[in-house]
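So you can see what is in the structure, the chains are spelled out below.
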Amino acid sequence: MVERLDFPGGITPPTRKARATRAPLREAARPARVVLPLAQHAGAPAEPCVRVGQRVRTGEPVARAAGLVSAEVHASVTGRVAALEERPLHDGSRGPCVVIDAEGEDDWWTLPSLDWRATDDDALLARLDASGVVGLGGAAFPAQVKARIRELHEVDTLVVNAAECEPYISADDLLLRHHAAEVLEGARMMARLAGAARILVGIEDDKPEALAALEAALAASGHDDTPAEIRVIATRYPSGGERQLIKRLLGREVPSGGLPADVGAHCHNPGTLRAALAAVRDGRPLVERVVTLTGEALARPGNVVARLGTPIAELLEDAGLARPALHRLVMGGPMMGRALGELDLPVVKATNCLIAATREELPDPPPEQPCIRCGACEEACPAGLLPQQLYWFARGREHDKAERFHLFDCIECGACDYVCPSHIPLAQYFRAGKDAIRARRREAARADHARHRFEFRQARLAREAAEKEARRAARKQAAARPRRRPAGEAQPAEPAADLRGLRIAETAARAAERKAQKALTRAAEGGEQDPAVIADLETQLATARENLQAAEARLQAARDAEEKTP
Amino acid sequence: MSLMHAAQTPSRRPAGTAAVMGWLLIATLPGIAALSWHFGWGVLTNVAFAAALGVGLEAAVLRLRGRPAGATLADNSALVTGVLLGASLPPGSAWWLILTGMIAAIVVAKQLYGGLGHNPFNPAMVGYAVLLVSFPVPMSLWAAPTGLVGPEAQPLGEVLRQFAGLATLETLDALSGATPLDAFKHKPEGLMAAEFWAASPLPEGALTAWRQVALAWLAGGALLLYKRIIGWQIPAAMLASLALLAALLYAASPSHQGSPLFHLLGGAAVFGAFFIATDPVSAATSRRGRWLYGAGIGALVVLIRAFGGYPDAVAFAVLLMNLAAPLLDYYTEPRAYGHAAATRGIAAREDDR
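Just so you know, the protein sequences line up as chains A and B, in that order.
According to UniProt numbering, the first sequence is numbered sequentially starting from 1.
According to UniProt numbering, the second sequence is numbered sequentially starting from 1.
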């Protein structure tokens, strides 16, 4: 079969970007109070390192990264810490936040400025870590963790994901129009960190101004060592999906369950690249980002540079929010974004877009109708799945079949929802299906863990018994030593065979121990985040060690017996 | 989940189920018009009564099932089933025949399986097959092509008497004529095809009428394709495999087999290809699965017509392939992104091995 050069499916919804791209990028008013959630990145929440009442400067760390995958949080205004408290978060839950009341002008707390070309990798990674830089495309994965990819994979291409394929969002577009040179410079820095030999910028053809700015910036810096290329692609959702973009630009497919780095690619959002450069060149931690403010309920839509922690309500009021017209508030895009239940939430690192939509604009979906298996979803699916079948299995809770039909390759882009004539929220079903399967796996893992703990106990008892037996044998030997056994009465071949068996058992136990050790190391290095999994692997390792010790004790006892009975 | 929907943007393709079914109804109009023009008022009484029964029976079963009827009826799917079955029955069928067929279609084949989207078999074809097996005589009395108007046309009153079940079998027999497929099927064993046609075995204009009806269904099918309501794979595969197999048989035995054109236009093949086989609920759903599904129907139609006991075979061919649809879907899954190869079938899970 002919290899496809593009990802399958995709849709072309109306982009609705024009309203927010008419005005130039502007600085949002500095807020009087910021709320900084400690969990605004992928991974473990940060741990606060300030006291209530403490004075902090703009850029000063207020919470430290905790664990392998986590990110620092920095004060985004100069002022006084007003509270450390639980506050509502964007997903409807509540979580710890640092609240800072601004006082006076910005007083910047910066790290020493570095020239990335003259700085080694470790110092750059440490700087990214200390600056709280995370992916600004929406996933908020810590950039420093991502940049360490080189330790495990060989990367040849750094992809700048400027596709921005989702309707409404224009934050990257505006950022590139104004700061293309910084984005390119950031890309060069991250390319070096990842070990990539070239840079590919993927941008959709509905952003001519950003493209022109990029081309000008590229021409101005043309003599640089890392070759960079701009690829314009036709506007089609979801070409900004990491996997889809890599397929479209490089013709490579990220293996199922794998990472882009498995095929030598490394993707970054333009905003992330600029933030990374600012962290290194200017020593400025991540305290602001570009946010698209759009939707028909806003009189003055546009893109603003907003401090993290700025109340969403303030930004929207400044953009002329007509509250009665507001029907739905969305953070992110209309396809994959999150509907916010309230206005009293802060801008976080993942806030690329806020849509204040009217009822006509993003109406409530009509009631769900039965699936008629028309196959429109299959034509739209960018992962080559059969959503109509997956829907069937999700509804029937046939999780085995859902997995067999590659449920976990679904990127939840919502293209199937968009085309479904029966208005079935397919992506929602798929997310619920994945959650159910993960819960089931956790349940199975818990049972395994219990079994492993039991096995450990058995192994410990066996080892103690073996050691006791060895000591007893040694004592018996010592007691028997004076009376040498007359020749001919020596025990026949049996102990030798026994010794051989014990030696084999000991070797096997040693191999098992090494294997358990390796599994634990791999999980820890692979960024395994579930402490239960690590604990379980540790239990298994301990069991293997007990077994090894027992085998050694038995072998030693047998050897001693052998030596003393020539 | 997506907060935007294709319905909000102008497109050729109707974005909602009710609109899809609505366009399907519109697409049946040329075929029904051509049928009525040639075979008289009986076609219209069939279609009208079957459609009304479709809606009525669906509402009744929904009531029994304790489901809200309004929203479901608004999807127009029961109407479509009624119209399709009505158009397939011999013109001027009696009310009890239509009622039996519609009960089999809507109550048994559709609602007892869970309603729209849950039926493994095409409801209209289940109804048709039940009638064909249970009432072979009235099902094979197809009206002669006497036209809707004109001197020979059967008056509406006469048709209504037939519909009410008051006409005797003799009258019906006198009024009816065999369909081309039926006549050809039952030609004497020793008779050559050429001799058979030379003897003008059909009522005057019958062959022309059937061809025009097939072309009218084709026009409706073209509308469905244009509106992207159906994919082209199933009709194309079905008609291609039908023509190919018919050509092979014709080449092997031109004196006893019908020509490919006769097979294509002489019966319900075109109607079946665009309006029956394309029912997405009961068809295979992957793109390659649809090819195989369509091709299977086409092949079965020719095989049953040539070697089976029935003159036409669209209903049985479709039902047989409905049976095969889940299997086809398991074996024709597209290669998913990030996988080296497509998966085939349902493999045993590792812990079962």
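Hint data in this document are derived by calculation from the structure and do not stem from the laboratory.
Warning: the hint list may mix true and false statements.
[Stated by the list, open to error] Covered by chain B, according to a simulated footprint, are these stretches of chain A (three or more residues, beta-carbon under 8 Å):
(1) 37-46
(2) 70-84
(3) 234-241
(4) 411-417
(5) 469-476
[Stated by the list, open to error] If you only want the chain B side, here are some residues facing chain A, beta carbon under 10 Å, derived:
(6) R12
(7) T17
(8) L116
(9) Q154
(10) G231
(11) A240
(12) S259
[To be verified] Computed Cβ-Cβ distance ranges for the label pairs, DEER-style:
(13) B:W232 <-> A:A66: 49 to 59 Å
(14) B:A342 <-> A:A432: 45 to 55 Å
(15) B:R287 <-> A:T12: 13 to 23 Å
(16) B:W232 <-> A:E215: 39 to 49 Å
(17) B:R287 <-> A:R446: 50 to 60 Å
Glycine is no exception: its CB is placed at the ideal position from the N, C-alpha and C atoms.
Here is how each hint holds up against the structure:
no., hint, result
1, 37-46, "violated (count 0)"
2, 70-84, "violated (count 0)"
3, 234-241, "violated (count 0)"
4, 411-417, "holds (count 3)"
5, 469-476, "violated (count 0)"
6, R12, "13 Å, violated"
7, T17, "5 Å, holds"
8, L116, "5 Å, holds"
9, Q154, "38 Å, violated"
10, G231, "7 Å, holds"
11, A240, "20 Å, violated"
12, S259, "34 Å, violated"
13, B:W232 <-> A:A66: 49 to 59 Å, "57 Å, holds"
14, B:A342 <-> A:A432: 45 to 55 Å, "26 Å, violated"
15, B:R287 <-> A:T12: 13 to 23 Å, "20 Å, holds"
16, B:W232 <-> A:E215: 39 to 49 Å, "42 Å, holds"
17, B:R287 <-> A:R446: 50 to 60 Å, "41 Å, violated"
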